[in-house]
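Novice: Whenever a hint applies, use it, and build me the whole structure from the sequences.
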Amino acid sequence: MSARDRVRLGDRLLGFFGVRLAIFVIAAQAFLPGVLLDPAYKVAYYHDEHHDIVHEEAARMAVVDDHQLPAYNPYFCGGIVELSNAPSNVLAPDFLLRIVYGTLVGRRLTVLLFVLLGMEGCFRYARKNGASAIGGAMAGVAFATSGHFVSLLGWGWVFMFNYNLVPWVMLSFENGLRKKWWIIAGGFFLAWLVLGGGTYVVPYTGLVLLLLVLYETARAVFRRNERVTCIRGDEIVPWYRPALTLAGMGIVALGLSAIRVFPLIHLLLTHSRPVMQKDATKPLSLLAMLALPKEHASSIAGAGDFYVGLYVCVLAVVALVFLDKRAIKLWAFALFFAVLACGEFIEHSPYALMRKLPLFSQLRFPDRMATLSALFLALAASFAITKIEDALPRFSDWCWPRLRRCKRFARRITLPEEPWLPLRVVVTLAAFGVAAYVAKISAADVVAHNAIGRGSLYVMDAPQRVTEPFQQSRGNRWDAHVWPFVNKGSLHCFEEHQLFESPNLRGDLEHEEYGAPGADTTVERIRWSPHEIVLKVHSNGPGRFLVNQNHSDAWKTDTGELGSDGGLISVQVPAGDHVVTLTYSDWRVRLGALVTFATVLAIAIAGGKRLRKKGIAFVRWFRVLP
Amino acid sequence: MSVRAVELFARWLAGDRIAISSRRMLLVVFAISVASLAYSIKILREATRPLIQSEAPPPLPPDHGDVRFGVPLTTRKAVFTELAKQEPASRAKGHQAFPGPELDWSAEDHRAGFERKSVAAAMARHKLSMTQVYLILDEGIRQHWAGPDGEPLRPTTVPLHPRRKY
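If you read the sequences in order, they're chains A and B. Its first residue numbered 1, the first sequence is counted upward by one per residue in this note's numbering. Its first residue numbered 1, the second sequence is counted upward by one per residue in this note's numbering.
Simulated from the structure, these hints should not be mistaken for lab results.
Now the in silico label distances, taken between C-beta atoms and shown as ranges:
| no. | chain 1 | residue 1 | chain 2 | residue 2 | range |
| --- | --- | --- | --- | --- | --- |
| 1 | A | His271 | B | Val29 | 50 to 60 Å |
| 2 | B | Pro62 | A | Pro503 | 33 to 43 Å |
| 3 | B | Val3 | A | Phe322 | 38 to 48 Å |
| 4 | A | Ala448 | B | Arg125 | 38 to 48 Å |
| 5 | A | Tyr46 | B | Arg125 | 16 to 26 Å |
| 6 | A | Lys356 | B | Arg125 | 46 to 56 Å |
| 7 | B | Ala5 | A | Phe322 | 34 to 44 Å |
| 8 | A | Ala391 | B | Ser21 | 27 to 37 Å |
| 9 | A | Gly455 | B | Lys93 | 28 to 38 Å |
| 10 | A | Glu295 | B | His144 | 51 to 61 Å |
In silico SDA-like pairs for lysine to any residue, Cα to Cα no more than 25 Å straight-line:
| no. | chain 1 | residue 1 | chain 2 | residue 2 |
| --- | --- | --- | --- | --- |
| 11 | B | Lys42 | A | Pro39 |
| 12 | A | Lys128 | B | Arg17 |
| 13 | A | Lys440 | B | Trp12 |
| 14 | B | Lys77 | A | Asp508 |
| 15 | B | Lys77 | A | Val466 |
Fair warning: this is a prediction, and the values are worked out from it, not measured in the lab. Beta carbons: idealized from backbone N, C-alpha and C, even for Gly.
Specialist: Next up, the structure:
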């Protein structure tokens, strides 16, 4: 048996999910002491964290306190869309952590979840492509703890940690070329990205998938005449299969995320996201961002912003020098995103051309694409570790037959065809030790340089709760996190999209629902929740009342007629006493919910059947074992 | 441990492909899987314990007498006066940095940025939390307490109009 046919010790040990999870948790702990150990209810200083907390806390309260789907957020800008807001993540699977543990603790746990997911996703993708487990684990740790995630945390953009799902999407796509259930998995991860507010990550992932489709299609076309032994699920697929796999993933993703996609499309088509800025990064600066730690930021602008490790970059170069085919593919992808990340650094740059596409025209800061360069560099580096791990056993295999043929030895001792078992054990242990050591120092370098220290991030005191009826206040978006906790909306706000806000909203009203000027109408609040307001209305003659929230077509009334008065909700009621219920209900959300539910149901039924089959097959196999 | 088991283990260590050929072997693999998973879950729980077990900050005390949000009226008035005093200058700076009706929202946003600093100063001076200071500002606006020019502070804001470039 040659070294090629043998299983590496690292592959055996890290093949146990528990073993690598333990390693990943230890790495994540070293990366996130500030997140895991700082007081749980403190918040970061940067205002974007405060905006995100408003959205997430408003959605959490709607779900937990009022058992409503968080389609609308009355706590910001006088009432705006929530689940169809571009960066909203209120229906992402990770939002469950906010539901269970509260917004502030849930956000920190989400960070940990994504870091672990990123590590495991990279590991699996590297393994799928033939890297050793030690190499894959190193790639996982290097990517999930790379520099951009530190910046994301500083800005409070926890929803953008879903970059860590990109390796899962890639893995699902490549496996989906041959196994249909992976297409569904790919659709699930894509849907997670869409539901998770992937303003940037979704289009970037689209580019990654486009590259993979081109690569796999070219591979299928150029290798169709080859005869390939199928031992690792690497048999050639028809040329159209990559595009078909992508289409399948897209359909599943659309089905699962329809509840957000339908209203989101409406928002994107009807509300502009004004962007007019040119960004450029010099290629050398980009290299410094990826390969030099933050300590050099004073001499090279941006150094360390996407730091994925100097050793990791060197290892990626080593893999390229060895002309490892898989590393070449990953390098090509890394360079593709690096060129785009440089933005408009020259006239007619690729990024400038890309921005002519509809969705990409609304994006800024192309340097964020360096995150994907970091991912592909880390993955390429895993193949250098693999080479290192394989070098000693291969050298041993190369030496042994020569030793057998050596006359001096042959006279004294007859050597078996295979190297002695103890020798093979020693060689395997040595190879494992060297590879593990190189992987450890490479990964530790990234973690040590990017680690979020205690007391460095969460420096602001926790917002305190006050139980009072909901009111709009003038507010202040710079400290927006304060308002939902005191059950007040902040009229002063910020959104990337030009969402409607009425100029007639006020932060000094005694009652948020009141008779319109000139109308003989009195209003008393019976019950208030974000999506349903129940009022007792008395009107002497045909009357009208106003609600201190932005008007939207999704607001409906069960009595009278609902319209807009200067952008405020205005309801015309007939004379007499009425109990009026105002409901926020968007037909696009309802239709999307129906499609999402049908897709989940279909997948659950098919998944149940498949599990049953697998269970039966396992029991049969177990019975035949002695 | 039998010699065969040791040899099997050595072959496993050396990288030989060993198929699961008995229920006992399957149980060993299963036991290792479960044990390693249990260990990883244990350290995961330890890592998240400080977050999960920490207590949420207590809510502000209920109002009584002239005390609201845990702050007596005289302090609230003093805090509001300090904040209100800064507002005309903040507004002027906002309009200076972002002149013209097209940039009205940006000017207001700039003013709010200065307000944030005033709030932080008031927190430090009066040893109050951020929530308390903002609630005092909100109360003053809602109750139309007089600002430095004798007029109440503006209770409205400029509708959202994000810039095209930041």
